[in-house]
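**Q** Residue strings, one per chain:
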Amino acid sequence: MINVNNVSKSYHRDRIEIPVLSSITISVPEGEFLALMGPSGSGKTTLLNMIAGIDSPDRGTITVGDTEITSLNETELSKWRSNHVGFIFQFYNLLPVLTAFENVELPLLLTSLGKAERRRQVETALRLVGLGDRMKHYPKQLSGGQEQRVAIARAIVTDPTVLVADEPTGDLDKVSAGEIMNLLERLNKEFKKTIVMVTHDPRAAEKAHKIMHLDKGELTI
Amino acid sequence: MFVLKLILKNAGRHKLRTALTILGIAIAVMSFVFLRTIVTAWSYGVEASAANRMISRHSVSFIFPLPLAYRDQIARVPGVEAISFANWFGGVFKDPADFKNFFPRLAVDAETYFDVYPEYLVPPDQMAEFQKERNACIVGEKLSREHGFKIGDIIPVEGDIYPGQWEFVVRGIYKGKDPTADETQMFFHWKYLDERMTQEENGRAGAIGWFIFRVTDPAAMPAVARTVDDQYRNSRAGTKTETEREFQQSFVSMSSAIISSLEAISLVIIGIILLVLANTIVMSARERTREYAVLKTLGFSPGHVVGLIGGESLMIGLLGGVLGLILAYPVVAAFAQAFPTFFPVFNVAPWTLALAVGVALLAAIVAALFPVFRALRISIAEGLRTIG
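Line by line, the protein sequences give chains X and Z. For the first sequence, position 90 (counting from the first letter as 1) is numbered 90 according to the working numbering, and the numbering increases by one without interruption. For the second sequence, position 290 (counting from the first letter as 1) is numbered 1290 according to the working numbering, and the numbering increases by one without interruption.
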């Protein structure tokens, strides 16, 4: 499903090269729930971003499904992301001026779906995350856990191949974090979503099938 | 549709900031319209000039008189089809410190003047009354409104260029054929002036200020001017003959420093509009860097981001521009009312409106350039890390 092959990445700051990832090779089968763990600065978010097609490696290739995304240009990547990837961020990243419904509808606006069909899919996604009664609420009217559930609804509304989650429980209390992880686990088990999750939280990582550790840009396990 | 909806919602996110920006632009646009209206009003005479009218005045300055005897000679020049003349009278009406009491008072040839100025419309019965009475005068409708002049009223004027007490009886009120016609003037019989000069200062009799004549073919104007001026080249009172437009332009040129200053201030105002708007748009776009990154992550194109930033800038610029235009009308009207005779025609010209809206929109586009460039340049990963 996801094949990361010998990927390296460095950042440049004031002419100083800072290596972030060194020759990473991983394979994530379809339906897998992978947790990436490691200390801050270990490169796990960079790796996640590259798998999701929002960052590119200096060397190596990444293939998701049948597509080698490292060979796509910006426009192709943009289209690929909208069709194949659902994003869940630590700070939810909902647009504050849009309601929960409108936030979830965002990815569907780029499809050819009609208004009625979009509505049906948005309502389904919001009900799935348990927020069928909060569709007209704005982000500021929701709790952190509810906001993250809206973000998950937005991530799954296009029925993507892969879900990438960057510290999805990092900004939540213990109870809410538990609910979010149960939801992700359900999406993986019931809906067979392949999930790659970055987390610091060992309890969150427990829900994954597989845990990989990164340290200083290298896989340690 | 989505972009438009998000533009509207984004603009309403910081209501006070957006409102203050719109108000700032509105005040700047209002000032711009006001200044441009002054510049336009200053040169209204140039714009209102007839294409087939010429002026012949003393070659040194129009304050020096020409002999009336030139009239028949000029009338015989090939291409001249109608001729009249006028003379600046000046004088003081009521309190000279009150600017509204200053209005042009011209001694004209009562028989021919309104023939060469068909844009001044006088009812036939009033014209007949005017021509019968030697100390009669005709006033413009705007002037009559301002001072309450009615038919039969006597206008007392204390002479300065032509000393003595003068009284003129209002026998007619003229209207402009179109909005560019000057309705703030007073015309009276040159013969009335000439008679007094004959009695009191004989050396000034038989003199007029300038000739106005209509030509059959505007293309022949340079030749007509040459012929007229050649006739008097070696006389004591040489002439300078030019088109009416050039004649009016020479008055405007005297105020070129003021006009240039006003135009410079107009440019400064455009700069102010740009800075006010740019400040808001740069701030807004910076705050939303992460949101733009999220949109790009979800598959929205750079074009959508350009639309969001540029659209918001255009919307604020346009709202400020339209509000500025709405505010400009009462300001212009108040100025026109306060100084009714300072500018004979003081209206907001249609092209001034178009220019003001154009300036606001251009400022909106320029103001959006930097934030658009920044939003497009920043990578998604970097954008997602940004704290707005």
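Just so you know, these hints were derived from the structure itself, not from any lab. Among the clues, some could well be false.
As the list claims (entries may be wrong) - Dumping the calculated SDA-like pairs for lysine to any residue here, alpha-carbon to alpha-carbon at most 20 Å:
id, chain 1, residue 1, chain 2, residue 2
1, X, K115, Z, V1060
2, Z, K1005, X, L109
3, X, K136, Z, P1340
As the list claims (entries may be wrong) - Pair ranges (Cβ atoms, derived):
id, chain 1, residue 1, chain 2, residue 2, range
4, Z, R1286, X, T220, 36 to 44 Å
5, Z, G1271, X, T220, 16 to 24 Å
6, Z, P1179, X, K136, 48 to 56 Å
7, X, F91, Z, K1009, 47 to 55 Å
8, Z, P1350, X, E74, 44 to 52 Å
9, X, S143, Z, R1286, 22 to 30 Å
10, Z, L1376, X, T111, 21 to 29 Å
11, X, S71, Z, L1376, 20 to 28 Å
12, X, E218, Z, G1271, 50 to 58 Å
13, X, H213, Z, L1023, 53 to 61 Å
14, Z, R1374, X, G65, 56 to 64 Å
Stated by the list, open to error - Chain Z stretches covered by chain X per the calculated footprint, using a threshold of three residues with CB under 8 Å from any CB of chain X:
id, region
15, 1180-1194
16, 1206-1216
17, 1261-1270
18, 1274-1285
Backbone N, C-alpha and C fix where the C-beta goes; we use that ideal spot for every residue, glycine too.
**Q** The structure should be examined with respect to each hint, and the outcome stated for every one.
**A** To see whether the hints hold, each was checked on the structure:
no.	hint	result
1	K115/X x V1060/Z	80 Å, violated
2	K1005/Z x L109/X	13 Å, holds
3	K136/X x P1340/Z	58 Å, violated
4	R1286/Z x T220/X: 36 to 44 Å	38 Å, holds
5	G1271/Z x T220/X: 16 to 24 Å	59 Å, violated
6	P1179/Z x K136/X: 48 to 56 Å	54 Å, holds
7	F91/X x K1009/Z: 47 to 55 Å	20 Å, violated
8	P1350/Z x E74/X: 44 to 52 Å	46 Å, holds
9	S143/X x R1286/Z: 22 to 30 Å	28 Å, holds
10	L1376/Z x T111/X: 21 to 29 Å	24 Å, holds
11	S71/X x L1376/Z: 20 to 28 Å	23 Å, holds
12	E218/X x G1271/Z: 50 to 58 Å	55 Å, holds
13	H213/X x L1023/Z: 53 to 61 Å	57 Å, holds
14	R1374/Z x G65/X: 56 to 64 Å	34 Å, violated
15	1180-1194	violated (count 0)
16	1206-1216	violated (count 0)
17	1261-1270	violated (count 0)
18	1274-1285	violated (count 0)
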